[in-house]
Amino acid sequence: DAGVIQSPRHEVTEMGQEVTLRCKPISGHNSLFWYRQTMMRGLELLIYFNNNVPIDDSGMPEDRFSAKMPNASFSTLKIQPSEPRDSAVYFCASSFQGANQPQHFGDGTRLSIL
Amino acid sequence: EDKVVQSPLSLVVHEGDTVTLNCSYEVTNFRSLLWYKQEKKAPTFLFMLTSSGIEKKSGRLSSILDKKELFSILNITATQTGDSAIYLCAVGSGGSNYKLTFGKGTLLTVNP
Numbered sequence: 008d009a010g011v012i013q014s015p016r017h018e019v020t021e022m023g024q025e026v027t028l029r030c031k032p033i034s035g036h037n038s039l040f041w042y043r044q045t046m047m048r049g050l051e052l053l054i055y056f057n058n059n060v061p062i063d064d065s066g067m068p069e070d071r072f073s074a075k076m077p078n079a080s081f082s083t084l085k086i087q088p089s090e091p092r093d094s095a096v097y098f099c100a101s102s103f104q105g106a107n108q109p110q111h112f113g114d115g116t117r118l119s120i121l
Numbered sequence: 020e021d022k023v024v025q026s027p028l029s030l031v032v033h034e035g036d037t038v039t040l041n042c043s044y045e046v047t048n049f050r051s052l053l054w055y056k057q058e059k060k061a062p063t064f065l066f067m068l069t070s071s072g073i074e075k076k077s078g079r080l081s082s083i084l085d086k087k088e089l090f091s092i093l094n095i096t097a098t099q100t101g102d103s104a105i106y107l108c109a110v111g112s113g114g115s116n117y118k119l120t121f122g123k124g125t126l127l128t129v130n131p
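For the record, the sequence lines run as chains A and B.
To convert, count from 1 in the first sequence and add 7; that's my numbering.
To convert, count from 1 in the second sequence and add 19; that's my numbering.
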C-alpha cells in the first residue's frame, strides 16, 4: 500500500524565494495535516483539512504561509517569501476523519533556507 | 492551550535493559493518546489508547493510560539497538475537529 507521499524530499533555497511543498495522502483518507518539526519546538500542527476544507489554520506562523487542498489526493504548503527561520522538516499526515483514527505520516521535506 | 509533556527528554541504556517513557497531558475534550516511534524519517504509529487501565501490547512494547492522573507510560523490555529512536506521545482532542497535540519526544539510545 502506498503511504503518504511528499515531495521534494529536500529543498535548499535562498531567502526570499517561494517554496512549495507537496503531499499526496493515503487513498481514502479524508483528513490531511501539515506539521513542522524543529529541535526547539518539536512537532507543531500548522493546518489541517477535512474533506478538502481547511478546518484549523491557527498554527500557521504568519501570512507568508498558505496551504491548499484542491482535491482529495493533493495538497500544497507554500511559503512566500521564505526566511532562514523557516528551516525545518515539514511533514504531511493523513487519516480517516474523526476521533480515534491514527494519523499516518509521510517521510517529510527537509527545508533549508539560506 | 493543550499541553503534552514527555520525560525524560533523552535516555541512554544498554541492550537488554528495560525502559519506561512518560507522557503527561492537559487537554480539553480528551479523546485518545497515541505513541509514535520516529527514526530517521516519518513518525510511525505504535499504539492508540482511549481507556484507562487497559494495557496495549506489541511484542516487547506495552503502554497504559491513566485518565484520572492524566498520564501514560510506554515500556520497552529487553531493549535492542533497533529500538533507538525518538518516541513521541500525542494526545487527540476535539470532536468533529479532532486533532493531535504532540510532546517534544524522548530520545532513546540503546548501546550494544
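Hints were generated in silico from the structure; no laboratory data involved.
Positions of the beta carbon are idealized from the N, C-alpha and C atoms, including for glycine.
Take these hints with a grain of salt, some might be off.
Unchecked claim - Derived Cβ-Cβ restraints for the label pairs, each shown as a range:
| # | chain 1 | residue 1 | chain 2 | residue 2 | range |
| --- | --- | --- | --- | --- | --- |
| 1 | B | A97 | A | P68 | 38 to 44 angstroms |
| 2 | B | K86 | A | S80 | 24 to 30 angstroms |
| 3 | B | S81 | A | E69 | 37 to 43 angstroms |
| 4 | B | S71 | A | Q87 | 33 to 39 angstroms |
| 5 | A | L121 | B | K87 | 30 to 36 angstroms |
| 6 | B | R79 | A | V60 | 38 to 44 angstroms |
| 7 | A | G66 | B | N41 | 41 to 47 angstroms |
| 8 | B | T47 | A | E51 | 40 to 46 angstroms |
| 9 | B | T39 | A | S65 | 32 to 38 angstroms |
| 10 | A | R117 | B | T47 | 20 to 26 angstroms |
With 24 to 30 angstroms as the target window, see if B/K86 and A/S80 comply at their CB atoms. For A/S80 against B/K86, whose Cβ atoms are near 37 angstroms apart, the range 24 to 30 angstroms is violated.
Do the Cβ positions of A/G66 and B/N41 conform to the proposed distance bound of 41 to 47 angstroms? Violated, since A/G66 and B/N41 (Cβ atoms, about 25 angstroms apart) do not stay within the stated range.
Return holds or violated for the Cβ distance of B/T39 and A/S65 against the range 32 to 38 angstroms. The hinted range 32 to 38 angstroms holds for B/T39 and A/S65, with Cβ atoms some 34 angstroms apart.
33 to 39 angstroms as the expected CB spacing between A/Q87 and B/S71, which holds or is violated: violated, 46 angstroms
38 to 44 angstroms as the expected CB spacing between A/P68 and B/A97, which holds or is violated: Between B/A97 and A/P68, where Cβ atoms are some 42 angstroms apart, the hint holds.
Could one say that the CB atoms of B/T47 and A/E51 fall in the range 40 to 46 angstroms? Violated: the Cβ-Cβ distance is about 18 angstroms, outside 40 to 46 angstroms.
For the hint 30 to 36 angstroms, verify it against the beta carbon of A/L121 and that of B/K87. violated, 50 angstroms
Has the hinted range 20 to 26 angstroms been met by the Cβ atoms of A/R117 and B/T47? violated, 33 angstroms
Check the following: the C-beta atoms of B/S81 and A/E69 are separated by a distance inside 37 to 43 angstroms. holds, 42 angstroms
Should the hint that B/R79 and A/V60 are 38 to 44 angstroms apart at their CB atoms be regarded as holding? Holds: the Cβ-Cβ distance is about 41 angstroms, inside 38 to 44 angstroms.
Checked against the numbered hints above, the structure breaks hints 2, 4, 5, 7, 8, 10 and satisfies the rest.
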